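Visitor: Below, each chain spelled out in residue letters.
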Amino acid sequence: MHVVYPTVVSALLFSIGVYGVLARRNTILVLMSVELMLNAVNLNLVVFDVWLRDRLHGGQVLTLFVIVIAAAEVGLGLAIILALYRNRQTIDLDRLRTLTEPTDSGTDPEGGSAPDASSNAPTPGPGPDAGPARGAAPAGSPSGTVSPGNLLNSAADRAQTNSEPIIRPGDTS
Amino acid sequence: MTEVPSYLPPTGQEIIFLLLGVVAVGSALLVVTTKQVVHAALWLVVCFGALAGCYLILTAEFVAWVQVLIYVGAIVVLLLFGIMLTRAPIGRTADLDSRNRPAAAIVAIATAAVLVTVVIDGFRAAYAPLEAGGGSAKELGSSIFRNWVLPFEVLSILLLAALIGAIVLSRTDIRGRD
Chain R
1 MHVVYPTVVS ALLFSIGVYG VLARRNTILV LMSVELMLNA VNLNLVVFDV
51 WLRDRLHGGQ VLTLFVIVIA AAEVGLGLAI ILALYRNRQT IDLDRLRTLT
101 EPTDSGTDPE GGSAPDASSN APTPGPGPDA GPARGAAPAG SPSGTVSPGN
151 LLNSAADRAQ TNSEPIIRPG DTS
Chain U
1 MTEVPSYLPP TGQEIIFLLL GVVAVGSALL VVTTKQVVHA ALWLVVCFGA
51 LAGCYLILTA EFVAWVQVLI YVGAIVVLLL FGIMLTRAPI GRTADLDSRN
101 RPAAAIVAIA TAAVLVTVVI DGFRAAYAPL EAGGGSAKEL GSSIFRNWVL
151 PFEVLSILLL AALIGAIVLS RTDIRGRD
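Sequence order for the protein chains is R and U.
Under this note's numbering, the residues of the first sequence are numbered 1 to 173, in order.
Under this note's numbering, the residues of the second sequence are numbered 1 to 178, in order.
A few of these clues could be false.
[Claimed, not checked] Here are the simulated lysine to any residue pairs, SDA-like style, with alpha carbons at most 20 Å apart:
#1 138/U with 151/U
#2 138/U with 62/R
#3 138/U with 53/R
#4 35/U with 45/U
#5 35/U with 81/U
#6 35/U with 92/R
#7 138/U with 65/R
#8 138/U with 148/U
#9 35/U with 90/R
#10 138/U with 62/U
#11 138/U with 68/U
#12 35/U with 22/R
#13 138/U with 54/R
#14 35/U with 76/U
#15 138/U with 55/R
#16 35/U with 93/R
#17 138/U with 56/R
#18 35/U with 97/U
#19 35/U with 89/U
#20 35/U with 25/R
#21 35/U with 21/R
#22 138/U with 65/U
#23 35/U with 80/U
#24 35/U with 100/U
#25 138/U with 56/U
#26 35/U with 99/U
#27 35/U with 34/R
#28 35/U with 94/R
#29 35/U with 91/U
#30 138/U with 58/R
The hints are simulated quantities; they were obtained by calculation from the structure and are not laboratory data.
Values in this document were obtained by computation on a predicted structure and should not be read as measured data.
Only chain R is shown next, with the shape it has when bound in the complex (with noise of 0.2 Å):
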């Protein structure tokens, strides 16, 4: 076996995988994206064992590993991604825009996203301002009417709401 064939493989994968992180919006799709990336890593890692001969069999080992960490890495990334469905109702990234610098609003180019944005967030001015009103609201509760089971019926009911024209017409798939 040539050694070009596998690692030419590898790199079209990595690049596939570079193209899904960068031009996807669905977070799930880009995480999607990372795993093949992680798996072009494998593949070289498979091949370069194989061809020096390892006699630790390092190359192999660390595929292993690798996948153990993948492993923990969708777990991790899919409860981020729930906890940010659960507080946003979107995980669309071009929304998520919290942490963006504070420009001045009329040069904002996403005239689109930016009423979501300020609607569902606090306004965009202190940055970090999602992360401790998410802990606070529900544990703290001076402002008291928001428990975390009504956070997620209600989100569940709107996104129920919002998707269930879209589902019907396509359950076919």
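Dock chain U against chain R, hints included.
Guide: Only chain U this time, still in chain R's reference frame:
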């Protein structure tokens, strides 16, 4: 590594590997370009399966089965659960790609060009003869538990930490300290 056999009549292993590589790359392209979220996860299964076949041909059989078990069996199922729980639109949706798609295509093509040219230039004279048994479970197991025990244990701790972190993140009734 001493003498390189000719490229032109490719061996049977190389032909099968190239076919599997074409399947992997094609399904990966479909993963990043499809319009339906669930189809992306299913194409990911095809891609990982083809990669497992590649590992088998490269005599890394234990890695191939671990790939099938963990990637196809666990990670894709996790991703499907994520798709389901975030109520992603099931049907064909137009706005899965962001607006910087041309820039992403340019960057990806540039990456592919650089990597492929460098790799072809660097490994043109490399040849790896395939011998069965190099990646069997016995070999890898003795290697892990003889030489790589410490990273293995550290990785177990990492997996435990990730597990606890995922539980803490996804439960809503665990509160921070006041």
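Visitor: Now look at each hint and say whether the structure bears it out.
Guide: Hints, verified against the model:
1. Of the pairs offered as hints, the one joining residue 138/U and residue 151/U holds, with about 19 Å between alpha carbons and a cut-off of 20 Å not exceeded.
2. Pair hint residue 138/U plus residue 62/R holds up; C-alpha atoms about 16 Å apart against a cutoff of 20 Å.
3. Between residue 138/U and residue 53/R, the direct Cα distance comes to roughly 16 Å. Compliance with the 20 Å bound is thereby established for this hinted pair.
4. For the given pair, residue 35/U sits about 17 Å from residue 45/U by alpha-carbon distance, which is consistent with the 20 Å threshold.
5. At roughly 18 Å between alpha-carbon atoms, residue 35/U and residue 81/U fall within 20 Å of each other, so this suggested pair holds.
6. At most 20 Å may separate the alpha-carbon atoms for a hinted pair to count; residue 35/U and residue 92/R meet this at roughly 15 Å.
7. Annotation: proposed proximity of residue 138/U to residue 65/R holds, straight-line Cα distance about 17 Å (limit 20 Å).
8. About 14 Å separates the Cα atoms of residue 138/U and residue 148/U, which keeps this hinted pair within 20 Å; it holds.
9. For the hint pairing residue 35/U with residue 90/R, the CA-to-CA distance comes to about 18 Å; that is within 20 Å, so the pair holds.
10. Distance check on the hinted pair: residue 138/U and residue 62/U sit about 9 Å apart at the alpha-carbon level, within 20 Å; holds.
11. Restraint check: the Cα-Cα separation between residue 138/U and residue 68/U comes to about 18 Å, which is no more than 20 Å; the hinted pair holds.
12. Proximity of residue 35/U to residue 22/R is assessed by CA-CA distance (about 16 Å); at most 20 Å being required, the pair is judged to hold.
13. The suggested pairing of residue 138/U with residue 54/R holds, with an alpha-carbon distance near 15 Å, which does not exceed 20 Å.
14. A hinted pair counts as satisfied when its Cα atoms are at most 20 Å apart, and residue 35/U with residue 76/U qualifies at roughly 18 Å.
15. In summary, the hint linking residue 138/U to residue 55/R is supported, as the alpha carbons are separated by about 14 Å, within the 20 Å threshold.
16. A distance of roughly 17 Å separates the Cα atoms of residue 35/U and residue 93/R; the hinted pair therefore holds under the 20 Å criterion.
17. Only pairs whose Cα atoms come within 20 Å are accepted, and residue 138/U paired with residue 56/R is accepted, the gap being roughly 13 Å.
18. Among the hinted pairs, residue 35/U with residue 97/U is consistent with the structure: their alpha-carbon atoms are about 9 Å apart, no more than 20 Å.
19. Of the supplied pair hints, the one linking residue 35/U and residue 89/U holds, its CA atoms being roughly 10 Å apart against a limit of 20 Å.
20. For the given pair, residue 35/U sits about 12 Å from residue 25/R by alpha-carbon distance, which is consistent with the 20 Å threshold.
21. Simply put, residue 35/U and residue 21/R have alpha-carbon atoms about 15 Å apart, close enough for the 20 Å limit, and the pair holds.
22. A hinted pair counts as satisfied when its Cα atoms are at most 20 Å apart, and residue 138/U with residue 65/U qualifies at roughly 14 Å.
23. Using a Cα cut-off of 20 Å, the hinted pair residue 35/U and residue 80/U holds, with the two alpha carbons roughly 16 Å apart.
24. Under the criterion of a C-alpha separation no larger than 20 Å, the hint pairing residue 35/U with residue 100/U is consistent with the structure, at around 16 Å.
25. A threshold of 20 Å between alpha carbons decides the hint, and for residue 138/U with residue 56/U the separation of about 16 Å falls inside it, so the pair holds.
26. A threshold of 20 Å between alpha carbons decides the hint, and for residue 35/U with residue 99/U the separation of about 15 Å falls inside it, so the pair holds.
27. As the CA atoms of residue 35/U and residue 34/R are separated by approximately 18 Å, the hinted pair is consistent with the 20 Å bound.
28. A hinted pair counts as satisfied when its Cα atoms are at most 20 Å apart, and residue 35/U with residue 94/R qualifies at roughly 17 Å.
29. At most 20 Å may separate the alpha-carbon atoms for a hinted pair to count; residue 35/U and residue 91/U meet this at roughly 8 Å.
30. Restraint check for residue 138/U and residue 58/R: satisfied, since their Cα atoms lie roughly 15 Å apart, inside the 20 Å limit.
Violation of the numbered hints given earlier is absent; every hint is satisfied by the structure.
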